[in-house]
Amino acid sequence: MRKQGLQIAGFAVVVAAIQLVTSVTGNVYHLTQLTMSAYYSLVVLGLCILTGYAGQISIGHAGFFAIGGYLSALLTTHDFSVHGGPVVSGLAAMGILTRRPDLYGGELLTVHPWPACIFAVLTAVAVAYAIGGPVLRLKGHYLAMATLGFGIIVYRIVLGTELVGAADGIYNVPAFPLLPGIAVSGKFSLRVMNYYVAWVFVILGMVFLLNLVHSRVGRALASIHGAEDAAEAVGIPTARYKLKIFVVSAAFAAVAGVLLTHYNGGIGPSESSVMKSVRYLAIVAIGGMANLWGTLLMSLLLNFLSLRGYFGTFDDAVFGGILILIMLFAPDGLLRRQLFEELKGAVFPAGGEKET
Amino acid sequence: MNFDLFLQYMVAGVTYGTIYGIVAVGFNIIYNATGIINFAQGEFVMLGGMTAVTLGRFLPLPAAILGAVLITMILGALLEILFIRWLYRPSVLRMIVITIGLSILIREVALHIWGESVRALPYFTGTSVTSIRLGGVYISPQVLWVVGISAVVVVILGGFFRYTLLGMQMRACAANRDAARLCGISAKNMVTFSFMLSAAIGALGGCIVSPITYVQYDSGVPLAIKGFTVAILGGLGNSMASAGAGMLLGILESLSISVLPAAYKDVISVAILLVILFVRPSGLFGSIEAARLKEF
Amino acid sequence: MRGRNGIIVAIVSLALLVGAGVQAAEPIKVGAILAVTGPASFLGGPESRTLTMLAEEVNAKGGINGHKVELFIMDSGANPEKAVSFAKQLIEEKKVLAILGPSTSGETMQIKGIAEEGKTILLSCAAAEVIVNPVAKWVFKTPQKDSDAIQAIFNQMKKMKISRIGVLSGNTGFGKAGKGQIEKLAPENGITIVASEVYDKASTDLTAEVTKLKAANVEAIVNWSIVPAQSIVIKNARQIGFAGPIFQSHGFGNIKYVEAAGAAAEGVIFPAGRLLVADVLPDSNPQKAVLVKYKNDYEKRYKEDASTFGGHAYDAFMILAKAIEKAGSTDKEKVRDAIESMKGFVGTGGVFDFSAEDHNGLGIDAFELLTVKDGKFALYGK
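Chains as they are written, first to last, in the working numbering: chain Z, -4 to 351; chain H, 86 to 381; chain F, 246 to 627.
Hints in this document: simulated from the structure, not taken from any laboratory.
One or more of the hints may lead you astray.
[Stated by the list, open to error] Distance condition first, Cα-Cα at most 25 Å in a straight line; then the derived BS3-like pairs of lysine-lysine: (1) Lys182/Z / Lys571/F; (2) Lys182/Z / Lys382/F; (3) Lys545/F / Lys533/F; (4) Lys621/F / Lys548/F; (5) Lys182/Z / Lys364/F; (6) Lys571/F / Lys538/F; (7) Lys540/F / Lys621/F; (8) Lys274/F / Lys182/Z; (9) Lys364/F / Lys340/F; (10) Lys306/F / Lys533/F; (11) Lys306/F / Lys571/F; (12) Lys548/F / Lys274/F; (13) Lys182/Z / Lys340/F; (14) Lys182/Z / Lys339/F; (15) Lys571/F / Lys533/F; (16) Lys571/F / Lys339/F.
Keep in mind that this is a model prediction, so the values were computed, not measured.
For reference, chain Z alone in the conformation it holds in the complex (with noise of 0.2 Å):
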């Protein structure tokens, strides 16, 4: 546990690093990026638990995104007003309903973002449970194949549907204020603040997930992984826990969904697309499957490098090349955990701290 907590102060010292050499040096926007990313970083986190960890392949991954982002969305920018009612003044007294302008003076009713950002991430969780008990009971291809499923049925009703703008998407989404004087929003005067916000999510989630990894489930987990057969034969419930793991990963990616739609000020049918999921996966596997530390370093370079235009047209290509070259060369992950150890072992040849 000691271990664990050094590890998370010493990437929160780089997080402030980060942002203290980029005042220094006058490149500030790339904080635009670095916040972007670290969103991006929070689904491909909890791909990380679900694919490397528990072994369970999902190539839907940007459906649970999309779930959280759109509902998210849809909930703070369509104007209730219209419907009046008891439920609405109802809803309205309450305070989940809120009036504020829209970009052409009008009033607008919403649902403010904090009880939208609930009902996204419990729709998405309670949409993993439901298709997660049939989904997971699958394995090999098919499992590929109902994630795949999946993501394709959430990309195609976004699409499809002209409630969320169809091809569109959704835009003006407003700011969400998090706390009093915090918002998560993409204002060039607020880019400081969202840049440690967004990075407070991902340590938050770092140290839930290093702590599941470290548990009794996660050693469940491993298990799994290895050999599903003797996990059940020596009693460990792998139907429960996979759901479990299945379920935290799609809140991570319903989280993420929200936070990056409010910062972004939109979000769009492209976000549910069955790229996005393969592009969430090949980090995973670029970051050495089953390793947070390696996954959430992957995921900062690429997705950084990619949101800035690096990769020109050749965007998707180099993630499908990434996919193709670790799975040929390194079907462990490029970053695996045994590499560290490895190299460890060559240096200190008694042996380092034995690490999980």
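Please arrange chains H and F on chain Z, whose structure you already have, making use of the hints.
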């Protein structure tokens, strides 16, 4: 709905269904040989169509199609040799992910070679407006070409697997790889053949449907998704059944339009896929399938 | 195409600059966010090629007011989140004078607020009317209005005494915006929509959809889409024996779709800018010279037919260039004012008359009703 209209929907359904069926047959061939689903199958269809259109500029149509099929076939072999053949006991997850990566790469390469524009081969008979009238139903001659050629392909394939030595070797590998190897069959070569065969069928499919559906660098993925659904519906590995399942899905989709907004057409077919997966998680054809799954 | 930093930079030919020994004035930085790859690449592709060509052309002539143009083309792949990231990057980091694009309406709407906040000119190449209605100070668009295109179709329908129509539309932003406008304008024009279907942009066969329309006894079909599937619509409609007129949107303005549809395309009626019929326009038409030049330049350089989409990017670039010339400065505020007060600018989309209320500047006269005759675009009724 009057009867003519119903028939017209059926004709549309058969057209979709045949296209899906061709893709599904390609999935099955590779599945039987390797136990994996080749997520890049749709790309073979796209490559076939694109290559044929390019060759069609200097070659007569049949030669262009033949050329495209051969080129795609060689490409299929190359992909297998470069990315699959030398892997030592790859896991299913690993192979799936490789084929997903290949699908993306092929698509991106196609974009950078051919650009984003849409292409099509000319209609084999008549023009785009020619139609044959049967009672109150109109059928494009190209639909007959597609259905006819597909039927011939399925029959030839059936014969190939049953009566030729190569076909029987491939079947032996699919049934029991170790036993086949003990009999002196090179399992690795059989996998390469299966990629070639599957690529060739995909490419041929891409050529014959391109006058109807057009072909573009990214037209592979949607077809692949329909192909999976059909392959699963019919039971993985069973080509005859998937041809039938293709028809079923095509007709369902076509009829669904008469009651539901077309925008959700694809949701329906994917939902069918999920339901089948959930209801028969061990695979459609019971325990043999389930046992095989463990192996790969 | 891939420059350093991955950004496709179609820069100032530095070599030319040095060779000529001209002391370089500060270059004018212009950003472009285009869907060069991805589902809207049929828009972004020609747009990006057009801009690359124009920037080189302008720079070869010594730039605008002696300033070279430095163009940053970013490929968003039609992802709004990338458009957002790129917009911030271009505005703050590259400090561009203006952003050309994005290609799609969804992306444009996502970055509209960013352009406003960053006080940077946005010349969108996307069609939706919400982009300029209500007017935002910094946001302009060059494609013609959907509502004008639809009005042009409805005017023709009234002449043909058509009142019952079936509407098909693609599930892209373009299809969605058009469908909305058709539904809005139909009642005013005494036209009833008896059936309406939305199809997927990757559809391979639409017989079932057109069968449904035919079964509803429509007198004419209006198809609003910008994707290849629109040629499938007309083919399938003719194959099932639908004999009535078929109207298409200005999204049909790409000869590839006509070739793909073959004989079925004959007689299709659609409103479009005059680029497609540049060669047959009378010499008296004010746009003729501009159109013929763009068309010839583009086709000579890229060996492919010019499309109206590339034309939207052409207009965006040229309007900006003209405004910089007119303002005599590269001050954002002044250039913006120059665009807003620009009158009678002859572009490929029409003759633009901007004002504080109209950030599109095109009216119904920007459209000409076209048809397909012997596999070529022709003016309808002429």
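Item to complete: Compare the structure with the hints numbered earlier in the document and write down the numbers of the violated ones, lowest to highest.
Response: 1 and 12
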